[in-house]
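K.L.:
Listed below, chain by chain, are the residues.
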Amino acid sequence: MRRLTRRAFIATSGAAAAAVWAPKLSAATAARIVVIGGGFGGLSAARYLRRHDPRLAITVIEREARYVTCPFSNGVLGGLYPLSRLGFGYERVMASGIDVLQQEAVGIDAVAKTVALSSGRTLKFDYLIVSPGIDFIWDSVQGYSPRAAEVMPHAWKAGAQTELLRRQLTAMPDGGLVVIGVPAMPYRCPPGPYERASLIAHYLKAQKPKSKIMILDASDSFIKQDLFMEAWKRCYPGLIEWVPASKSGKVMSVDASTLTVSTGFDDYHAAVANIIPAQRAGAIAVNAGLDQGTGYCAIDPLTFESRVHRRIYVLGDAAIAGEMPKSGFSANNQAKACARSILADLGGRHVAAAKLLNICYSFAEPDYAFSIVDGFEIKDGSLKLTFEDNRTTPLGASDDEHKREARSAASWYANITAEMFG
Amino acid sequence: MAAAGDDGPMRRRSRSAGWIRVCAALLVTAPCTPVLAGDPAPVRPSNSLQVQNGEALADACTSCHGIGGRSQGYIPSLAGAKKADLMRQLLAFRAQTGQATIMNRIARAYSDSELEALAGYFGSRPAP
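Residue numbers (numbering that gives the first Met the number 0), protein chains in the order written: chain A, 0 to 421; chain B, 0 to 127.
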């Protein structure tokens, strides 16, 4: 039966989108799917494959025993709920017949088709899905490092860093300055820093009203900017100041020993400094050369197959997905398109292009959210927006509309996490 | 697979167009018959290569509306709704005449036949 698999491989080794007429795999064939990363990309793909083909042998490699979602983690900083509300175990994933190994993937051999694990074990794969999320470029800010992050947390991977930043906020005196340093694009969750400022402001307004938040930004504009500005004016007048790159907002260096954040022109002495460094694809993807030295991985927008290696796929934040932003929603939609293309490949079928969406809610207050809605399709070989106009909640929306968006966001979170972990 | 079963004629049309496309792509060198017979993802007869299969299209919807259209919380479940009702609502969203939170923005990404395939898919799902 393995011979059949191999024949299918040979038959499909043409262009990624080409139709093929390989024989269908027999019922007894178990193609081996290995997934690196048990988050929005990897786990969504694994669950989709399992739901659509119970014969597949699927293994997910995930470093953490419990996954903590980045979506909704700004609410923890605002004191809306504890971090434990955002944690998920893999029990039901395993019960669905997927192997989950709590290991770190340390190397990919694209020729031998193996993944090396931190335990010393190697896993053989027929298809490999790489969805490792991001890693930080520590030296993008002079003086920043994993050690400095213990004093000036990035909190850009949800977990211990989120709790550290929350503890610092609760410990800081009233009247203190909270600095949020925002890196240049591209980075994970483009509206995230501004939602974070909003929900920290929600906490400060109630508990420490003499405090101030300063957003030091490496960009001159940001997504949903008008909606954030409208909300800040309405909910937090005078509390949040945004300094764009053109007004020397870009963080150049930090000194963790004095909590000083410098833009090269101004030094800010912070009570709490949240420094978000620049990012690239997770180390496993970079070390395997999937990023071709660029920091992120080029993919076929139809299948999410790597442009470097056949039958190795890259999803989510690590991928260059045209105009799709780096978000959990994007990764989840990409995962289904990728899984569908793998199922088609296994069945010797042509795969048609998926319609992909990204829907992203941001909270200004617990009952005040707004959104951007993106559709994507392949144009000129890349994922482009289906429409550019009227993608966001309109300005001047009513309290009721903002409340309905907040309730929709919570419902979205329940449904997408159920798709992954339920 | 109940997918786009309701909209038979439309689906058959697009499938045969897909066949022609795919065969042409292969310069008709391959035996162009058995495997594609059950192809659940026929190709639209336009050059945009978009999926018209209801189940495949619904992949994007379930991220909010839940697997099979069974939702938890505020976002409505779609499973078990009448296809005609869903279609009427989707068309109203797209025409910007329906009461919506975000669906009036999303619906613009879909053609008539895509909306029809989606309404057919969710209408065929068992109610929660």
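By construction, these hints were calculated from the structure, which means they are not laboratory data.
Predicted model only: the values in this text are computed from it and were never measured.
Note that CB positions come from ideal geometry on N, CA and C, so glycine has one too.
Take the hints with a grain of salt, since some may be wrong.
[Claimed, not checked] What the simulated footprint calls covered on chain A by chain B, stretch by stretch (three residues with Cβ under 8 Å from a Cβ of chain B suffice, anywhere in the stretch; the number is not a length):
id, region
1, 136 to 142
2, 329 to 336
3, 348 to 355
K.L.:
With a C-beta cutoff of 8 Å, work out whether three or more residues of the region 136 to 142 of chain A approach chain B closely enough for the coverage to hold.
P.N.:
Violated: only 0 residues of the region 136 to 142 of chain A have a Cβ under 8 Å from chain B.
K.L.:
For the region 348 to 355 of chain A, does the count of residues with a C-beta closer than 8 Å to a C-beta of chain B reach 3?
P.N.:
holds (count 8)
K.L.:
Please count how many residues of the region 329 to 336 of chain A have a CB within 8 Å of a CB from chain B and say whether that reaches 3.
P.N.:
holds (count 4)
Checked against the numbered hints above, the structure breaks only hint 1 and satisfies the rest.
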